[in-house]
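Given two chains presented individually in distinct reference frames, assemble the corresponding complex, making use of the accompanying hints.
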Amino acid sequence: MSGDILVRARDLSIEFVSPDATVQAVNGVDFDLAEKEALCILGESGSGKSVTLRSLLRLNPPKKTVMSGSLSVCGEDMLTISDAKLNSLRGRLVSMIFQEPMTALDPVFTIGRQIAETIIRHEGISRGEADRRALDLLELVQIPSAKRRLAAYPHELSGGLRQRAMIAIALSCRPKLLLADEPTTALDATVQIQVLLLLHKLQQELGMGIIFVTHDLGVAGEIADRIAVMYAGRFVEEGPVRDVMRQPMHPYTRGLLGATVHAGMRGKRLTTIPGAPPDLSDLPPGCAFAPRCSEATRSCTADVPALHKLGPERGARCVLVEDAA
Amino acid sequence: MSIAERLKQDLSELPDRGGPAQPLLIVRDLVKHFPIKGGLFGRSGMVQAVDGLDFEIRKGETLGIVGESGCGKSTASRLIMALLGMTRGEIIFDGEAVGSRALPLKEYRRQVQMVFQDSYASLNPRLTIEESIAFGPMVHGLARSAAIQRAHELLVAVGMAPGQFGRRFPHELSGGQRQRINIARALALRPRMLILDEPVSALDKSVEAQVLNMLVDLKDEFGLTYLFISHDLNVVQHIADRVLVMYLGRIAEIGPVDGIFDQPQHPYTQALLASRPSMDPDLRRTEPPITGDPPNPVNPPSGCRFRTRCRIAEDICAHSVPAMTTVQGLHQVACHAVEPESGHSLAPQEFAA
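Chains A and B, in that order, are what the protein sequence lines are. Going letter by letter, the first sequence gives residues 180 to 504 in this note's numbering. Going letter by letter, the second sequence gives residues 47 to 399 in this note's numbering.
By construction, these hints were calculated from the structure, which means they are not laboratory data. Take these hints with a grain of salt, some might be off.
Claimed, not checked - Here are the computed lysine-lysine pairs in the DSS-like style, where the Cα-Cα straight-line distance is at most 25 Å:
{"#": "1", "chain 1": "A", "residue 1": "Lys242", "chain 2": "A", "residue 2": "Lys215"}
{"#": "2", "chain 1": "A", "residue 1": "Lys264", "chain 2": "A", "residue 2": "Lys243"}
{"#": "3", "chain 1": "A", "residue 1": "Lys355", "chain 2": "A", "residue 2": "Lys380"}
{"#": "4", "chain 1": "A", "residue 1": "Lys447", "chain 2": "B", "residue 2": "Lys265"}
{"#": "5", "chain 1": "A", "residue 1": "Lys447", "chain 2": "B", "residue 2": "Lys83"}
{"#": "6", "chain 1": "A", "residue 1": "Lys326", "chain 2": "A", "residue 2": "Lys242"}
Chain B extracted, bound-state conformation (with noise of 0.2 Å):
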């Protein structure tokens, strides 16, 4: 009998209640604004962190958020998880609203889990690895004997034996080792979904590989869905099915990993490829692909946010916010340049049948 299955007989296995068709997470609209108050010369204002995300992950799949910091992916995954109010919006999970009679947030929150980048501060220092992985099913009513059971388990499914480490306490694991333990912690609920935010970015190479692996591997045998953020879009092209590029709070360009990754539409996104190094000492360049810092979230640039750095932009990019227009199956972009008739000169004509 697998680690998965075994995990089944206790706790209630949650039901999929919207059948395969039915997308796991669906985010409609979400807003959040921080306001600025006081300060010692009495300013005030708002941080738009996040202005109007619409997406879906579909059961199964593997959904990256890339973009640069301040572009708002953490704030994000931190709403999608329900730990931060949001301003406006919606969240549905599984065809129920998050926060809803039908899914309280208690429920909700065993069935979504997250993993953080910095593995020390994400896990209490004074409970064991055992105590904190057995934290979450004690919390929702199993008996201590059986929960430390669990974790041992989870620690088996993580590659770490529980006799060697159970009993040890954080600070005597390697950081590796410390993000193997949040990851078996957030598989402690039997969830359904993981929200993975920057989960390698503080480890080193060799050992982000040994991660990496694991997670596909557990994906597989707990039948997972991923949310996957990260800045490095080496390691998105590797484990992501579909990608979505954020910029200063917005989608810039969402669609399957293949057709970001080969055909990115998006200036920002194109720039942000050709910004990765080459590893290729012959393919060096000399002129980066993009000039200055991503601009300041507290007063972003009006229409397109991101014209101030485009080499393409235009008057129209500064009047109006662009559409999301799709380019192929799911695959859509927000530019005036690939929108029809938008005014840009580089947008396609539509000609009337």
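So that you can see chain A by itself, here it is in the shape it has in the complex (with noise of 0.2 Å):
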């Protein structure tokens, strides 16, 4: 793998205790994303992939949330990080994008304030200097006529233009990470493929590292080197896009694709994964998907699957994969 690594996560578990329930939202997760390199974690929701996301900025609600393993942000302990650090570390080398950004950005402040206010929060620059750096930056997105949109409020844009001053925002101390976290599932279709654009342009260009969390396959498709299929908590299938488009070797996974409905489908009937993801407070023993999965045998319920390596980055935990010789 080239570069350095910027996250490394072992056996990261994370659970949600309140006095109810106990629920398993990540249930060991191995990976590794190295500098420059976008990776999707693609799952339905209650899959847990927000989860997995907002651990890596300690953003998870503090009082409920159990976190076990290891897991290392750009070189920091993220079990064991003091709060002084935390803050140090968010918004300056890793930085995050949301799906709502009428919720994400404050709507009494100027997108512009916005802006400069977390560069002078992190390099305290003088509020001319910052207010440059915002202008810079709201071109860098493509926000057009981008001077006058500087002095406007969040409900003043278009839905596409609101996410693009988010991408700003987290853009503005040049971050090593970005977090996205299906940035642009509220978008319409249109704008939506400008936006995914953008963000791959500005990733090549700036050299970060992305992880991108989404349910959309064809998200995916346009933007990952890598996908990790989630499911239940656990990492089912992972490997290079191409690879797990093509060839998927994880019964959810084939499911996955062959029912999302694409072109040249018109008239046939849509392969469905009967019944529903689980409930991650009781999950299933053994492998989460074999109350679903139409191939499972009584293997699949003894234990978890381990991860059967195909190749250096692929893999899947599925009993019927078999390692490469």
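Here it is, written out as structure tokens:
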């Protein structure tokens, strides 16, 4: 793998504890992210993909969250990091963009003010210098008539422009790692592709690592180098984007690809995955997908399947997948 | 005896008045303008949400409406359902004007039912599933026991065990299950047409496929006609017979699904189709097919409303509204570049015989 490792997670587990129930949101996830690499975590709602992403900045509710395993981000151990170090990490080395820019942006400050605030906080430069940087950033994210838009409030912008403004804030301190939680899901089709291509271009130009969480296979196909498919808190399959899209190994990934409606399926019945994802406070034993899997055998419910390696970056957690010789 | 046949026994069957040649729904010059009043600085204006829709839905077909947010597709569905009063226009159901003496609203709403995107918000949280489904038939005069019996049959039709789910409340179900309940409830009055407003948009992919398959089955079983609204072109291509593409309150293009998807004529339809993520990492693009966001419907552009984002816009597009031009058969498009002798440099010239 080239370059430094930005993120290293080993046996990362995250539980949410409350008096009523313990929700096992993430159950032993291993992954690395190299510099300048784009990883896409693909999963349905409740698969633990957003929880995994938020744990990289410790954004999960502090009192209820129990993390175990190991997780290092930009060289910092995230399980023991101090609040002061966490504050200088957030926004400077690692930043995040969210699905709904209207709730992520502050409605009472102008876009320019919100960008400048981040830069002043981390780099201690003057207000005038920060304003100039803010203008550059709006131009970087291709906002038309950027100068005028600096003085705009979030509600005055369209959805696509708001999302671009949020990307500008996230990029304001040139982070090494960008975390993106479904940033294009709320956008219209013609705007979604613009924002995706912009993110891809900025990632290449600025040399950032990016972790992209999505439920949409098409989005993953446009932006990812590698894909990790998540189900019930585990990575059930991972690999380079081409391999996962063309030769999915895990029955869940195959089912997901079959169930995704795409061109040329008119008049045919869609293949479906029966049932619904499991309750994370009451996971089935062994492979969590076994109750919905058409190929499940008795051994599936005995133990959680080990990760079978098919190549240096390719693997699947399924008893039916054979290790590469 | 099938479920559909048994349901016909109570609540008298709705007659097909106009015969097979009569379109089930005709929408003529439908307009809805929302006034903007007051505000902090006394601004006023009109949101031209729907601005002159003309189309028909034939018996037994599925018409898909696609468009981006703000194009008026949901407003159109609410106007057709008579949940909103129209500014102007006419809606004719099976040959009778909606709201006329021949077809009063209560009777019309028995024949046309709606399923919304938000499966939770559209169910009463304090009614059990079977009570929610039985509510409509009871309003229309069915006894409670018979209505509950019908609810159980409908639960079976949407693939849910009545004994297991009938007494549950909406919050105890998953999104996919709730959407099945909404569909069952919509079918409870045995309507002839369903308006489905983004019915699968909030569902996970694996559940979306289940619900789409079920909608196809129910259409055959109950002899339904669908108006299917979605922003997802792939879903519309899968389920619709004809497609209507809307942009800022007007029809950009309408036609059979194959014509729209294989030979789109309007630059907007072309951009919309090209914006679909490719699913193939080798087909990645670097340039988006279209730039900018859809404009605000408060002050839409003059002439052709798409001209501000159109790559082939010319002067004529700002001055006159393009008329609907027939491309082939039922395929119609509103674009100056297709309309003969419109003054656009790409327009076909018609030769005098």
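Consistency of the hints with the structure:
1. A:Lys242 <-> A:Lys215: 33 Å, violated
2. A:Lys264 <-> A:Lys243: Roughly 21 Å separates the two Cα atoms, so the pair holds.
3. A:Lys355 <-> A:Lys380: Judged against 25 Å, a Cα distance of about 15 Å means the pair holds.
4. A:Lys447 <-> B:Lys265: 15 Å, holds
5. A:Lys447 <-> B:Lys83: 49 Å, violated
6. A:Lys326 <-> A:Lys242: 42 Å, violated
Of the numbered hints stated above, those contradicted by the structure are hints 1, 5 and 6, listed in ascending order.
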